[in-house]
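One point on numbering: in this note's numbering, the residue at position 1 of the sequence shown is 1, and numbering is uninterrupted.
Derived from the structure by calculation, the hints contain no laboratory data. Be careful, since some hints might not be right.
[Said to hold, decoys possible] Taking lysine-lysine and the DSSO-like style, the derived pairs with C-alpha atoms no more than 27 Å apart in a straight line are:
hint, residue 1, residue 2
1, K42, K20
2, K20, K40
3, K24, K42
4, K24, K40
Predicted, not measured: the structure shown is a model, and the values here were computed from it.
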Amino acid sequence: QATRVFVQNLPLDLEWPELKDFFKQAGNVVYASISCENGKSKGCGIVQFETVEETQGAIEMLNGTLVDGREITVRADRKNAKYDAQGGG
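Start from the sequences and build out the full structure, keeping to the hints where you can.
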């Protein structure tokens, strides 16, 4: 099972360290990235947790919550593609 979630509707000025910090409330985040195009955020990203349980907990806890006034969507990441993203662990 996957340990990554796909996050949509992120604020366009949010950076990956802020994304990682936000998701730490659900578990141990080992990686976070925000998808970018031409250096600008696409408003979506990936967060990877240490365990499947933390991943599922993040979906249940954080889907539909607000980040800087925007309601985010959190779901299991369905693809393991390479992203043109800015991020880190």
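Here is how each hint holds up against the structure:
1. At most 27 Å may separate the alpha-carbon atoms for a hinted pair to count; K42 and K20 meet this at roughly 17 Å.
2. Only pairs whose Cα atoms come within 27 Å are accepted, and K20 paired with K40 is accepted, the gap being roughly 18 Å.
3. Simply put, K24 and K42 have alpha-carbon atoms about 22 Å apart, close enough for the 27 Å limit, and the pair holds.
4. Note on K24 and K40: the hinted pairing holds, with a Cα-Cα distance of about 24 Å set against a maximum of 27 Å.
The structure is consistent with each of the numbered hints, conforming to all of them.
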